[in-house]
Structure formats: structure tokens, C-alpha cells
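> Sequence:
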Amino acid sequence: MKKRNISLSQFTPKLSDIPIPERLRRWRQGAVAGGTLASGVAVTALALVYWQRHKRSKSYSYATRTFDTLEVGTGVQLQIKFDTVSHASLRVSYPNALRRRVKVRIADKTLSIRRLPYRNRWVPGEVFAELTLPSINQLRVVGDAKVVATGCNKLDTPFDLLQIGGQVEGLTIDAHYAEVQLRGNAKADLYLSCDQSFISYSGSPEVRAVLQSEGQAHITATGSGSATLLGQTKELTLTASDRSVVRADTLTVEAANALLSDSAECYLQVTDRLSYTLCNDSKLGLIQQPKRIVKAEVLDSATLETLDGKR
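Position 102 of the sequence shown, counted from 1, bears residue number 102 in UniProt numbering, the numbering being contiguous throughout.
Because the hints were derived from the structure by calculation, they are not lab data.
Predicted, not measured: the structure shown is a model, and the values here were computed from it.
We treat Cβ as the ideally placed atom computed from N, Cα and C, and that holds for glycine.
One should not assume that every hint holds.
[Claimed, not checked] Derived PhoX-like pairs: lysine-lysine, alpha-carbon spacing no greater than 25 Å straight-line:
hint	residue 1	residue 2
1	58	81
2	55	103
3	291	234
4	154	103
5	55	109
6	109	81
7	55	146
8	103	81
9	154	187
10	283	295
11	234	154
12	154	81
13	58	187
14	103	58
15	81	234
16	295	234
17	146	109
[Stated by the list, open to error] DEER-style ranges, computed between Cβ atoms:
hint	residue 1	residue 2	range
18	214	289	17 to 27 Å
19	195	107	23 to 33 Å
20	68	224	28 to 38 Å
21	150	119	25 to 35 Å
22	296	262	15 to 25 Å
23	158	306	32 to 42 Å
24	150	109	21 to 31 Å
Construct the entire structure; sequences and hints are all you get.
Pasting the structure below:
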């Protein structure tokens with residue numbers, strides 16, 4: 001008897017012939033449409049983030065007499081180059097997302113670079129700026145701004161630095177008079193070649209200053225900050241209180257006058273004349289014994305330390 005090959009396909013219906021419930025059919029169509037829509041939204045979102053993160057820049061040029069004060073605001077990182085140029089040039093770079101939040105303007109002879117408040121986890125909020133100019137009389141740094149300077153800011157007029165937070169690095173000042181004020185959590189790295197230098201700070205800042213002068217330096221320290229002084233100066237006047245720490249053991253001083261109170265600490269290297277008044281729990285450390293002690297007062301629980309021990 002001859003066998004026949006009979007296909008079962010004629011008895012098995014195709015999947016397309018199987019009736020699909022209306023509810024299931026609608027759900028399947030919605031899932032396909034939703035997937036397509038989700039893919040489109042994702043692509044659009046990625047394109048938007050890319051556009052927001054893309055950098056743009058603007059350039060400005062000013063006559064050197066247009067401004068004498070520079071103000072740098074929160075979120076701005078500025079690189080200053082002091083050079084012999086006829087015009088001041090500024091270039092500012094930032095993401096597209098900040099195009100309406102970056103403000104550069106001149107008013108009352110003050111050039112200000114600011115970024116308005118901005119929060120976006122996908123886009124960095126930093127603003128980068130480069131400024132080239134001959135000199136500046138005043139510099140104000142606010143918030144978390146950062147200023148890095150190269151070259152020498154040489155002036156025939158006094159210089160004033162007001163730093164409320166932020167960071168200043170490599171700033172070199174060559175002037176007859178310079179005043180530096182630090183507040184909050186400010187950090188500063190300075191080089192001062194001035195006949196008279198005034199450095200005052202409060203809060204918890206950190207300052208490192210190299211002094212090269214045959215004149216006078218005046219230090220006023222409050223709060224819990226610290227100052228490190230290097231180089232040389234002819235005269236030093238120091239007033240420290242709270243929990244401030246002043247390390248001037250690598251600063252060569254001919255004559256010094258120190259007034260310490262609370263829990264302040266100071267370390268000095270005086271070669272010629274020294275006057276000091278120590279109050280409360282303050283401490284004065286001398287790297288070497290000066291030639292002459294003009295005035296010596298140690299009150300309360302204050303401490304004077306020398307290389308020979310305590311007394």
C-alpha cells in the first residue's frame with residue numbers, strides 16, 4: 001500500500017486568520033504607537049540637552065578708561081591677563097542654556113560679569129571668561145567665583161580687593177598702597193609689592209600672601225580663618241582675635257607690634273624690635289629672639305613661645 005504525505009497546514013489555520021478580540025487589538029495598536037511616541041520624545045530630549053550643553057561665546061572690546069573696577073559674580077571663572085594693550089578685551093563662554101542668564105555690563109566705571117541663579121542637573125552652570133587689560137584699580141569677587149591672574153597689575157593709584165567668598169590665584173600687585181578684604185570662605189593667593197599693605201579678614205577664609213616691601217604691612221584677623229605670610233617687610237602691625245591663625249614665621253620683619261586676644265595664634269620672625277600684648281588664651285610664637293623687646297604684656301592664660309621653650 002502506498003503512503004501519502006499529507007500536510008497538516010491545510011488543517012491548521014494561519015495566525016492571521018485567528019480572530020483577535022477587539023480589546024486586545026486596540027491594546028496592541030496603542031503599544032506600537034506609544035513606543036514610537038516614546039522613541040520620538042527620547043530623541044527630542046537628547047537633542048534638547050545637546051543644544052543646551054553646546055557652548056557659545058561672545059567677545060567685547062573696551063577703551064582702557066571705560067572702567068577701573070571689575071566685579072566677578074557667582075558661577076563665573078575668570079582668567080585675567082595683565083599686559084600692555086591699548087584696549088581691554090573680554091571673551092565670555094557659556095552653555096546655550098545660560099544665554100539669557102549671563103549678564104555683562106558697564107555702569108559707574110565698573111565692569112561686571114554675572115550669572116543669574118540657575119539650576120539644571122543636565123547642564124553645567126559655569127561661565128568661563130578671559131580678560132586682557134593693562135591694569136585694574138579695584139577687584140570684587142563674590143560667591144563661588146574664581147579668578148586666576150597672570151602678569152603684574154602695576155598701578156600709580158591705590159588698589160582695593162574685596163573678596164566675599166570665591167577664590168583668587170596668582171594676583172600680583174605693584175602699587176604704593178593695597179587693601180585686601182576677605183570675607184566668608186574666601187581663598188586668596190597674592191603677591192604684594194607695595195609700600196603699605198592692609199590685609200583684613202573675617203569668617204573662615206584662607207590667604208597666602210608674599211610681601212616684598214621696605215614699607216609697612218597691617219594685618220587684622222578675626223573669625224576662624226588663617227593667613228600665611230612670606231617674603232619680607234620693614235614693619236608689621238598685627239591684630240588677631242577669635243580663633244584666627246596667622247603664620248608669619250617665613251616673613252622677615254624688622255619691627256613688629258602684635259595684639260592677640262581670645263584664642264588667636266600668631267608665629268613671627270622679628271629681627272630688631274618687638275612689642276606685643278597677649279590676652280585671654282592667645283598664643284605668640286617667636287622663631288628667634290629679637291634684638292629688643294619694646295613692650296611685653298602677657299595677660300590671663302596667654303602664652304609666649306620661643307625656641308628656648310615657654311614662659
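> Against each hint, give a clear statement of whether it holds in the structure.
Each hint tested on the structure:
{"no.": "1", "hint": "58 / 81", "result": "18 Å, holds"}
{"no.": "2", "hint": "55 / 103", "result": "16 Å, holds"}
{"no.": "3", "hint": "291 / 234", "result": "15 Å, holds"}
{"no.": "4", "hint": "154 / 103", "result": "28 Å, violated"}
{"no.": "5", "hint": "55 / 109", "result": "29 Å, violated"}
{"no.": "6", "hint": "109 / 81", "result": "19 Å, holds"}
{"no.": "7", "hint": "55 / 146", "result": "19 Å, holds"}
{"no.": "8", "hint": "103 / 81", "result": "21 Å, holds"}
{"no.": "9", "hint": "154 / 187", "result": "22 Å, holds"}
{"no.": "10", "hint": "283 / 295", "result": "16 Å, holds"}
{"no.": "11", "hint": "234 / 154", "result": "21 Å, holds"}
{"no.": "12", "hint": "154 / 81", "result": "12 Å, holds"}
{"no.": "13", "hint": "58 / 187", "result": "29 Å, violated"}
{"no.": "14", "hint": "103 / 58", "result": "11 Å, holds"}
{"no.": "15", "hint": "81 / 234", "result": "30 Å, violated"}
{"no.": "16", "hint": "295 / 234", "result": "18 Å, holds"}
{"no.": "17", "hint": "146 / 109", "result": "22 Å, holds"}
{"no.": "18", "hint": "214 / 289: 17 to 27 Å", "result": "23 Å, holds"}
{"no.": "19", "hint": "195 / 107: 23 to 33 Å", "result": "32 Å, holds"}
{"no.": "20", "hint": "68 / 224: 28 to 38 Å", "result": "34 Å, holds"}
{"no.": "21", "hint": "150 / 119: 25 to 35 Å", "result": "32 Å, holds"}
{"no.": "22", "hint": "296 / 262: 15 to 25 Å", "result": "19 Å, holds"}
{"no.": "23", "hint": "158 / 306: 32 to 42 Å", "result": "37 Å, holds"}
{"no.": "24", "hint": "150 / 109: 21 to 31 Å", "result": "24 Å, holds"}
Hints 4, 5, 13 and 15 from the earlier list are contradicted by this structure; the remaining hints agree with it.
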